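Here the protein sequences come in this chain order: A, B, C and D. Sequential numbering from 20 applies to the first sequence in the working numbering. Sequential numbering from 20 applies to the second sequence in the working numbering. Sequential numbering from 20 applies to the third sequence in the working numbering. Sequential numbering from 20 applies to the fourth sequence in the working numbering.
Don't read these hints as lab results, they were simulated from the structure. Be aware that one or more of the hints could be misleading.
[What the hints assert, rightly or not] Here are the simulated DMTMM-like pairs of lysine to aspartate or glutamate, each with C-alpha atoms no more than 25 Å apart in a straight line:
1) B/Lys89 <-> D/Asp262
2) A/Lys33 <-> B/Glu30
3) B/Lys162 <-> C/Glu86
4) A/Lys94 <-> D/Asp262
5) A/Lys162 <-> B/Asp68
6) A/Lys32 <-> D/Asp262
7) A/Lys220 <-> B/Glu73
8) A/Lys89 <-> C/Glu86
9) C/Lys296 <-> D/Asp262
10) B/Lys108 <-> C/Asp262
11) C/Lys296 <-> D/Glu31
12) B/Lys32 <-> C/Asp79
13) B/Lys150 <-> A/Glu73
14) C/Lys150 <-> D/Asp63
15) C/Lys89 <-> B/Asp194
16) C/Lys233 <-> A/Asp262
17) C/Lys296 <-> A/Glu73
18) C/Lys32 <-> B/Glu86
19) A/Lys33 <-> A/Asp79
20) B/Lys82 <-> C/Asp262
21) B/Lys174 <-> B/Asp194
22) C/Lys82 <-> B/Asp320
Given the structure is predicted, the values throughout are model-derived calculations rather than measurements.
Protein chains: 4
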Amino acid sequence: MIVVLKHGVTEEKKQQLIAWLQALGLRIHISDGEFQTVLGLIGDTSSVDIDLVESLEIVDSVKRVTEPFKCCNRKFHPESLVVEIGDVKVGAGNFAMIAGPCSVESEEQIVSVAKSVKAAGATMLRGGAFKPRTSPYDFAGLKAEGLELLKIARKETGLPIVTELMNIMDLPLFDDVDVIQVGARNMQNFDLLRELGRLDKPILLKRGLANTLKELLMSAEYIMANGNERVMLCERGIRTFSDYTRNTLDLAAVPMLHQLTHLPVIVDPSHATGIAKLVPPMALAATAGGADGLIIEVHNDPIHALCDGAQSLRPEEFAELAEKVRSIRGIVA
Amino acid sequence: MIVVLKHGVTEEKKQQLIAWLQALGLRIHISDGEFQTVLGLIGDTSSVDIDLVESLEIVDSVKRVTEPFKCCNRKFHPESLVVEIGDVKVGAGNFAMIAGPCSVESEEQIVSVAKSVKAAGATMLRGGAFKPRTSPYDFAGLKAEGLELLKIARKETGLPIVTELMNIMDLPLFDDVDVIQVGARNMQNFDLLRELGRLDKPILLKRGLANTLKELLMSAEYIMANGNERVMLCERGIRTFSDYTRNTLDLAAVPMLHQLTHLPVIVDPSHATGIAKLVPPMALAATAGGADGLIIEVHNDPIHALCDGAQSLRPEEFAELAEKVRSIRGIVA
Amino acid sequence: MIVVLKHGVTEEKKQQLIAWLQALGLRIHISDGEFQTVLGLIGDTSSVDIDLVESLEIVDSVKRVTEPFKCCNRKFHPESLVVEIGDVKVGAGNFAMIAGPCSVESEEQIVSVAKSVKAAGATMLRGGAFKPRTSPYDFAGLKAEGLELLKIARKETGLPIVTELMNIMDLPLFDDVDVIQVGARNMQNFDLLRELGRLDKPILLKRGLANTLKELLMSAEYIMANGNERVMLCERGIRTFSDYTRNTLDLAAVPMLHQLTHLPVIVDPSHATGIAKLVPPMALAATAGGADGLIIEVHNDPIHALCDGAQSLRPEEFAELAEKVRSIRGIVA
Amino acid sequence: MIVVLKHGVTEEKKQQLIAWLQALGLRIHISDGEFQTVLGLIGDTSSVDIDLVESLEIVDSVKRVTEPFKCCNRKFHPESLVVEIGDVKVGAGNFAMIAGPCSVESEEQIVSVAKSVKAAGATMLRGGAFKPRTSPYDFAGLKAEGLELLKIARKETGLPIVTELMNIMDLPLFDDVDVIQVGARNMQNFDLLRELGRLDKPILLKRGLANTLKELLMSAEYIMANGNERVMLCERGIRTFSDYTRNTLDLAAVPMLHQLTHLPVIVDPSHATGIAKLVPPMALAATAGGADGLIIEVHNDPIHALCDGAQSLRPEEFAELAEKVRSIRGIVA
């Protein structure tokens with residue numbers, strides 16, 4: 020950590036600060052320049068409150084030199100991580116194609132969608148049983164029953180299942196789920212993350228609506244620091260001034276995350292755009308941009324089929340997309 | 020709800036859509052214009068998925084006419100709500116002055132701060148026992164012990180206590196807390212909100228970092244729809260491109276919320292700015308802008324006293340500010 | 020335009036509003052619902068001030084049904100536009116590969132870069148002669164001399180030249196430039212746009228840092244309404260809370276713009292990210308997402324070669340990228 | 020400027036970088052830490068391209084220690100600036116109350132509004148003659164005629180006039196204008212700023228929709244570096260995800276700018292919110308937060324009077340507000 024002092028600081032105040040920092044167990048390297056003094060803090064600075072130091076009257080600014088994340092830092096893990104879910108591998112050249120309906124609605128629906136996405140090349144099945152809803156009056160998912168239906172679909176197709184957990188108290192119900200998804204709204208539900216760190220099960224961690232990449236990595240760190248290293252990150256759009264799509268898909272996050280961490284990065288073009296017609300071009304873009312996988316909403320519900328779901332593809336649209344994704348993988352992988 | 024159809028839609032498709040909407044229990048008012056047909060949906064449209072309808076091939080756009088929130092809607096509650104916490108009242112002309120340290124650190128600290136903020140005119144005591152921290156390696160609060168220390172400070176001063184709950188499972192520990200705070204990161208932790216709706220205890224609900232006012236009100240609705248109507252809203256800064264302060268305090272939210280809802284609106288200038296020097300001007304601005312109260316960080320810890328805390332005021336600074344707040348209340352209240 | 024009146028409006032006020040709207044030359048279609056009255060405005064609403072109507076005391080909300088742009092609206096121009104620059108075509112399946120240095124520095128530099136990007140498959144040469152700089156103390160380009168050097172490079176390679184105009188008064192200098200670029204900061208310099216509308220020369224219009232797609236299209240409309248229909252749009256990143264890249268590349272804008280307009284859409288991954296290592300993945304992503312072309316910074320300056328330019332590719336990196344772009348075009352075009 | 024090198028950099032590459040920096044005329048202070056080497060760059064670093072240095076393969080990160088602005092930097096001008104416009108003073112305790120209609124429409128209108136705002140205590144008259152409009156089909160102001168009408172209103176009331184210039188070529192028309200306003204969209208029209216720097220006339224510089232405080236100050240620097248030091252800054256709302264108001268008023272910018280610069284800071288609550296009902300609370304908030312003045316839209320047009328203008332106050336509303344503003348000034352000034 021580097022601390023730049025203000026011009027004209029008295030020697031006494033400077034020494035007070037240095038003594039305080041030394042009391043935190045740090046060694047201080049002092050560099051007196053023409054216009055300012057710079058302190059280099061050497062030792063374990065992870066417990067230093069950067070905002071507090073920056074607020075000191077004699078301090079001009081502070082800069083952290085080492086990242087605050089360790090378990091998920093590529094510097095310490097140069098090899099890309101491969102997450103294994105049964106026979107399915109994700110990361111380091113292994114591409115995940117996760118597809119399924121937004122919500123599990125019935126056995127017939129989930130089994131039928133599962134079969135068609137499998138035929139189209141999906142490697143995992145997604146489907147919401149516990150649904151976070153902005154309004155208390157909206158349908159919140161089939162809950163435990165939805166999980167059972169997912170397991171039936173898995174039995175019929177062999178596809179591992181990915182589904183969202185919203186609440187620590189529901190954890191026992193997820194014992195037989197293959198991948199637990201943490202939704203965007205729970206990315207900083209720290210107690211939940213800690214608990215997931217104690218499991219022996221892969222986690223799909225979605226980026227929050229307004230969270231930086233560093234915050235996403237710190238949330239992965241919560242899981243990994245508690246022992247569970249099988250974390251997959253997911254970019255699903257951020258909130259910006261731009262309102263023609265539900266969110267703004269931040270695709271540059273994919274190569275940037277690949278520089279910062281060894282964890283696989285999945286992209287969710289369905290939630291990022293909220294508009295079915297934009298899903299195929301953004302899925303192809305994510306693939307060309309180096310994503311390690313896609314998670315895509317697919318349905319075959321009759322009303323939807325009649326009317327076109329807001330952000331879901333029909334099975335035949337998904338099949339056509341999956342074909343192109345494979346071609347692009349052939350070029351960029 | 021108003022549905023505008025695309026130009027040149029076939030009569031058959033139009034009738035299909037109308038039949039589908041009628042099947043949802045709605046009456047449809049058809050208005051054929053020169054360039055487009057407009058459908059007016061009459062009845063309970065709260066269960067209509069607006070995104071789905073908007074995604075239909077024949078639909079140009081959709082507009083919701085009635086807000087999706089009811090319990091917290093000023094239309095149905097023209098009188099401003101007064102929340103009572105013991106003898107303390109908040110809202111409808113009653114101004115809340117909530118002050119205290121970011122974290123409870125020791126009995127000496129919390130009692131001493133409580134006494135000084137009371138002397139300066141605070142009406143409630145804040146203090147964190149369970150602290151959400153971005154990094155798993157940071158201090159996460161004294162937890163249960165912190166709650167006990169808050170109660171001691173309450174006993175010494177008579178100030179009701181306000182403190183954050185992060186996790187439903189900790190709820191039994193909060194039995195004797197006066198006001199439960201929901202932090203910005205938990206604003207859309209819907210299971211938590213639902214549980215708080217079953218309590219007979221005031222809730223201070225903070226706006227999330229990237230949440231709209233409508234989303235904030237829908238979260239209040241979660242609590243109120245479950246029976247607990249004593250909700251206070253809190254504006255504490257939103258995340259924008261602007262990076263010189265930790266967040267951007269959105270003060271226009273105060274008068275806007277007053278138009279939309281009858282709930283009191285508190286402002287937190289400490290977290291909104293993250294910089295102690297900006298707290299007094301923003302506290303005064305919030306007061307002049309019509310806020311129903313302030314929640315402000317105050318500490319008297321010796322290291323902080325030496326060094327000036329990042330966003331906390333010293334007791335004497337708080338006292339000076341409180342004086343000016345009262346003068347401004349005299350003008351705008 | 021649809022105007023929703025508030026619940027409980029008096030008949031007198033309603034009639035006043037209707038009379039006022041009729042005085043603007045509109046016909047009014049009244050639809051009285053259970054809970055509200057909806058007015059449909061028929062006729063040319065382009066001159067109605069939507070904010071003013073929305074602010075009326077008796078009005079709940081207003082919705083524009085027809086887009087305010089006409090010249091660039093795909094509804095009226097279903098065929099994608101092909102912009103021709105000499106033999107080079109852009110749009111409707113014709114892909115533009117525009118490359119060159121950020122600034123023109125010397126004849127040797129620009130000619131050498133032009134030759135290498137041409138060899139790699141570039142179809143146009145970019146290079147800044149007039150440079151917008153945040154600081155008045157920074158190098159602002161070679162200006163007129165830079166334009167002359169670009170023309171020399173064009174003569175040597177045959178590549179049409181694309182370069183930025185910042186100021187109407189410099190327009191005479193741009194007579195012999197092939198494509199005039201409007202920078203992000205000038206996207207709403209309306210006097211400049213109007214002037215460019217009087218030229219017979221293609222314009223590359225960059226999206227502003229915080230402008231919506233509708234605003235971008237309205238700026239294109241300024242140019243086209245004045246007679247010049249040869250406009251190419253350019254997505255180059257928007258400003259968001261995310262600060263690890265200079266801007267956030269909004270790739271979903273590409274398919275969305277293709278729905279809204281018949282104009283070609285170019286993507287600039289260099290300015291969008293500001294980081295050379297992110298340029299190739301984002302260039303490939305843009306191609307896979309359906310862009311009609313790319314504009315990429317390439318340099319071969321020795322100091323840069325030694326040190327790696329902030330966002331510029333070296334010629335050999337560009338050649339490798341161009342190869343992959345062509346392969347992806349083979350899949351998505 | 021401080022340059023942090025990556026861990027494990029070879030001595031050869033380090034020496035290459037140092038030699039390159041020395042060639043730029045800088046002295047280099049080397050500080051070898053346990054985990055990284057830090058270079059302190061001493062001398063005039065204003066011409067060093069921070070992005071370029073940060074992009075070097077061996078560099079981890081770069082931090083600028085001195086701000087890039089000088090003329091408007093409070094460090095070098097500890098006394099707050101007083102801008103004098105005839106007898107009117109702004110800054111350092113002198114509060115500006117600027118009021119008037121959005122657009123100048125007729126002699127009757129502008130003279131009448133001018134008289135009423137003067138009676139209510141306004142110190143300057145605003146009114147748009149050249150209006151930036153998003154759509155080419157909208158009314159763009161009375162232009163030269165509007166300027167003449169403003170001068171008539173000035174003659175009738177004695178109020179100095181403030182009006183927007185959009186284009187260098189119109190400058191001759193503004194000779195007899197008292198304060199030239201630079202609109203948000205022109206904040207980075209660098210050629211225009213440079214030209215205004217050559218005038219002997221106060222400039223009101225509005226912050227762009229998505230510009231940081233540093234960028235605002237750099238734009239002030241453009242004007243001041245060319246010789247004109249009479250610059251007033253204006254916060255008028257920034258663009259965020261929040262869409263219930265037109266923009267998000269960033270009031271913390273006021274005290275923050277006061278720390279960074281000695282220039283006066285004016286607040287425009289009318290454009291910041293776009294909603295007349297929010298203007299008085301935000302005007303009071305800005306005053307309490309320490310603004311050096313307000314610029315507020317006031318009209319008395321009969322249609323507006325009938326219907327309530329979108330963001331304009333009626334003269335009597337303005338008079339009531341002005342009264343409260345003075346009371347709050349009595350507390351905070």
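Which of the listed hints are not met by the structure? 2, 3, 4, 6, 7, 8, 9, 10, 12, 15, 17, 20, 22
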